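With the hints as extra help, turn the sequences into a complete structure.
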Amino acid sequence: MISFLLNNTEVTFDGDPDTPLLWVVRDNFKLKGSKFGCGAGLCGACTMHLDGAAIKTCVLPVAAVAGKAVTTIEALGTPDAMHPLQTAWVEYNVPQCGYCQSGQIMAAAAMMANVPNPTDDDIDRAMTGNICRCGCYPRIREAILSVAASLAHEAVTGESTS
Amino acid sequence: MVVAVVLPGCSFNGALPIDADSADLIPNAFLQITPDNGVIFYCPADEMGQGIRTGLATLVGEELDYHPARMEVRSAGAHEAYNNPEYFIQLTGGSNAVRAFYEPLRQVGADTRALLLSAAATDLGIPATQLTTEDGHVVAGNRRYPYGDFVATAMDLDMPTETPLKPATDFRYIGQDFTRVDALVKSTGVAQFGIDIDLPGQLSAVVVRSPVPGAQPLSFDDSDVRSQPGVRHIVPISSGIAVVADSYWQANKAAQRLTVEWASNSLSQLDSAQVRADLEDAVAANNGVDAASEGDLDTAFNTAKSTLSATFFAPFLAHAPMEPVNATLRIDGDKAELWTGVQAIGVAQGLVARITGLPLENIRVHNQFLGGGFGRRGTLNHIIEVTEIAMAVEKPVQLLWSRENDLQNGLYRPASLMQLRAGIDDAGRVSAWQARRAGGDLTVETLRNSLPGLMPGMPSGMLDGLATGMDYLFKNWSVDPSSVEGLHETYSFPTYEIAHTSVDHGLPLTFWRSVGHSYTAFAVESMMDELAETAGIDPVSFRLNNLQGKPRMQRVVQRAGELMAAMTLPEGNHLGFAAHSSFFTDVAQIAEVSVNNGAIRVHKVTCVVDCGTAVNPDIVRAQLEGSVMFALTATLFGEIEIQDGAVVQSNFHNYPILRMDEAPAVEVEIIESTAPPTGIGEPGVPPLAPAVANAVYRATGSRLRDLPLRLA
Ligand code: FES
Ligand code: FES
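Listed in order, the protein sequences are those of chains L and D.
So the first sequence is numbered by my numbering: it starts at 1 and just counts up by one.
So the second sequence is numbered by my numbering: it starts at 1 and just counts up by one.
Simulated from the structure, these hints should not be mistaken for lab results.
Source: prediction; values computed, not measured.
Careful, some of the hints might be misleading.
To be verified - Chain D regions said to be covered by chain L (calculated; three or more residues, Cβ under 8 Å):
id, stretch
1, 174–182
2, 188–197
3, 235–249
4, 313–323
5, 367–373
6, 619–625
7, 649–659
For glycine and all other residues, C-beta sits at the position ideal for the given N, C-alpha and C.
Next comes the structure, spelled out in C-alpha cells:
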C-alpha cells in the first residue's frame, strides 16, 4: 500500500507498486488531464509536479512517490480560477490540438516557481522535454514571457496587471 | 487531398444524432437554441488543432448574429446532414472545411436568424421589417429580447430558405481575432480526448502486430501472458493478437511476453536502400504514365539557352500525432456506441456496422477532440480492431496504440523520387519543364481502406473487386493526383510534361499533412533556386518571371521579396526563399539559417500568405506557425527507415520531433482579401523544406537534394 498526497488530498494505492504514476492518476484516481504520449520519458505529455518539481510520470513507479506530494494540472488551476499561466495560455491562443498542453503548462509552472523572470535560455532548458507536435512553441514562449512580465510589474508596483 | 468521390447512399440518413430537451429549438442539423438563449453548434468538421470549431462557429455566428465565442460547440455525430459539401461523406482533410462550408454554414445562420425574427414579429406584434438583431438579441426600438424568448413560437414556423447573406463589409466576427472556443478547456486539462473515455467495466486492449506490415501469425505462445496481473483475454484478430487486461499498463506489459512466429510476406526482404534503388530504376526506365503536359517539350529543350537537371528524394514519414490512436467501443445488445477521435466518423460508424452486423441507426459515434490528426486519423484500422475485440470479450473495451505501435505499425507518407529537368530562355523564364515522380499512390490506398466503412452493406467480395479495379486504373491508365500534385501548378510554365511511375512496396500509405505537396514543393522550389542562379537572376525576380497569369501568387512573392530585401542579418546567417500554391492558398517563406560544424539551425521563418478571407486571422497565423514547426521536423530529422520489412524507428528518441530549443521565430503576414477563404491547415508546410535547403546552399555552397537535410 502506497500513500501520497494527490492534489493536497491523502490517497492510497494498493496495486502493483511498479505501475507508473501516470496510470495510477489516470486510471485509479480518474484525473485525465495528464496525458500519455510516449511512455518512455521522451515527450513530457505526462508531466506533473512532485514536491513542486516537474517530472515525467509515465516512467515513474508509483512506489517512488510514497509520502510525497503530487500535483496535476487539475489542481494547478481550474476553468473558474486559473493559474496565471493558464490565463496567458488562453489569452495567447496557445493550444492547437491541446493534447500536450497540460504537460507544457506543468513544466512552465515548475520553472516559474523557481525562475519567475526566465530568459529565453531558461525557457529552452525548462521546456525542451515537452514535445508539441502541433508546433505551438512560439506562443508557449510568448505566454510564459507575458506572465513573467506581469509578475515583474507586480513586484515593482505592487499592482496586478490583469 | 482533393478527391471528390460520389458514393451515393453510403452515409447514415436516419434521425439526427442530437439529444435535446423538447423545449429547445432545433431548426436544422447544426443548431440548437435553448430558451435561456444558449446556442449549441454541432460542428461538422473534426477539431484536431486547426481551429475548425472556432472557424465554423464564426461562419454560423456571423449570419445568426450571435458571438461565436459564446456558443457551445459540440462535435456532430455521424449523419449525412454533416457531409463535407465537396467529399459527400463526413471527412475532415484536404484543408477544405472553411472553404467548403463557407456558404452553407452562413446560410444556416442567416435562415435561422430569419426564423427567429419572424417568431419575434409574431410574439411582439411588430412587423419583422421593423426588427433587427444584435449578438443573440432581437432589437425592437430601444428594447432587446434574447433569442431564447422566441424559441417556442419559432418551433411552429416554417424555416425560411435562401435568406440573403451579408456583404463582407458588414462582417462583425469574420476577420476578427478572438479566443479559440477550445482554448480554455485545452489550457486547464478539461478537454476530453478519445483516450480519456473511461466507461464502467471498461477493459483495455493492446494489439501485438507483425513488425513487417501485413504479415500473419503462423503460431503464438501466450502461456507466459495469461498469468500476468490483470490479463483477461487473449484474442486473435485480423491484424494481430489482442491482449486485453484491466488497464493499459497491464495489457501493454503483458503483451511484451507474447511470442509470435510471423509468416513472411512480400515486404519481408525490403530495406530502405532497396526502396531508393527501386525508385531510381523506375525513374530511369522513363516509361511513366503521362499526368499532365503542355506544348512541344523536345523543341523547347532544343531551343533553351541552358538546361539543368536534378533529382530529389523524400523518405517515408510517420505522422506521430501527440495522442496515439485509440477507440472505445461498447456493444450493448443490438446497439453500439463508439468514442474516438477520427477525421472520418461516418466511415467509423460504417466499419462498426459492417463488423457487428448492426444497422447504422443503432450505432452512435461520439467524436472527441483529436490529439493531432495530420491525415493519420483518416484511416481507421483501429476501429476495425476495437470492434473485433469488443465482440470477442463482450465488454466495453478501449484500444490504445503505444507510441511504438504508432511509429512501427502505422501508415506513412510515401517515399518519393523526383527527377526534374528544365530549360530557361534569354529572358530568364522557364521555357521547358519536365518532372518524373516515382513512388506509392496514397489516395487509392486510403480510399481502398475506407470502402468497407463507406459501404457497410456491400459484400466483401464486391468490395475487393472494386478495389482491384481502382488499383488497375491508377497503375496503368490514370495518375493518383496526390502522387504528382504541385510538380508544376504554382507557375505558368509554357511547356511541361509530368510523368508518373507507381512503385508500391506494400508499406501502408496515407495522407500526411500537405500530401503530395510535402515532397513536390521540395523538388520544385529547390530547382527554381538552382535555375535562378543559372540565369543569374535573384530568386524573387526569377519566380516573378514565371508567374504570368497568377496574380495572387505574384503578390505574395512580391511582398515576401520586399520583406526579404529589408532584412538585416547577423554575421553568419543566410536567407533562403521558397513559394508554393496548395489547397488554393499561396504561401511564400523566407528561412533565416546558420550552419555551424554541419549543424543546421533555423532562426526565423517569415511567411506571406494569401488564403482569401482570413476568417480568424490569429488562427491563420497559428496554422502557419505550426506548419513551419511540423515541416521543420521533417526537413531536419524526419525519416522512417525500413530494415527486413520492418520500420526501424520506434519512439521519439529515434524519430525526433522539433523541440522548444530548436524552434524558430515565425512571422506571418496575411494579404488582405475579401475573396472566399481557401485552405490554411496544410499550405504552410510545403515551402519550408526548400526555403531551408536554399538557405543552406547560401551558407555552405552545398545543394542538398535529399530529405532530411544532412550535411556530410
Ligand atoms: S508520456 Fe511521459 S514523457 Fe511521454
Ligand atoms: S497542441 Fe497539439 S501537440 Fe501541442
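Here's how the hints hold up against the structure:
1. 174–182: Contact hint for the stretch 174–182 of chain D vs chain L: holds, 3 residues under 8 Å.
2. 188–197: Answer holds; 8 residues pass the 8 Å Cβ test.
3. 235–249: It holds, with 3 qualifying residues against the three required.
4. 313–323: holds (count 4)
5. 367–373: It holds: at least three residues are needed, and the stretch 367–373 of chain D offers 5 whose Cβ sits within less than 8 Å of chain L.
6. 619–625: holds (count 3)
7. 649–659: Holds, because 6 residues of the stretch 649–659 of chain D bring their Cβ atoms closer than 8 Å to Cβ atoms of chain L.
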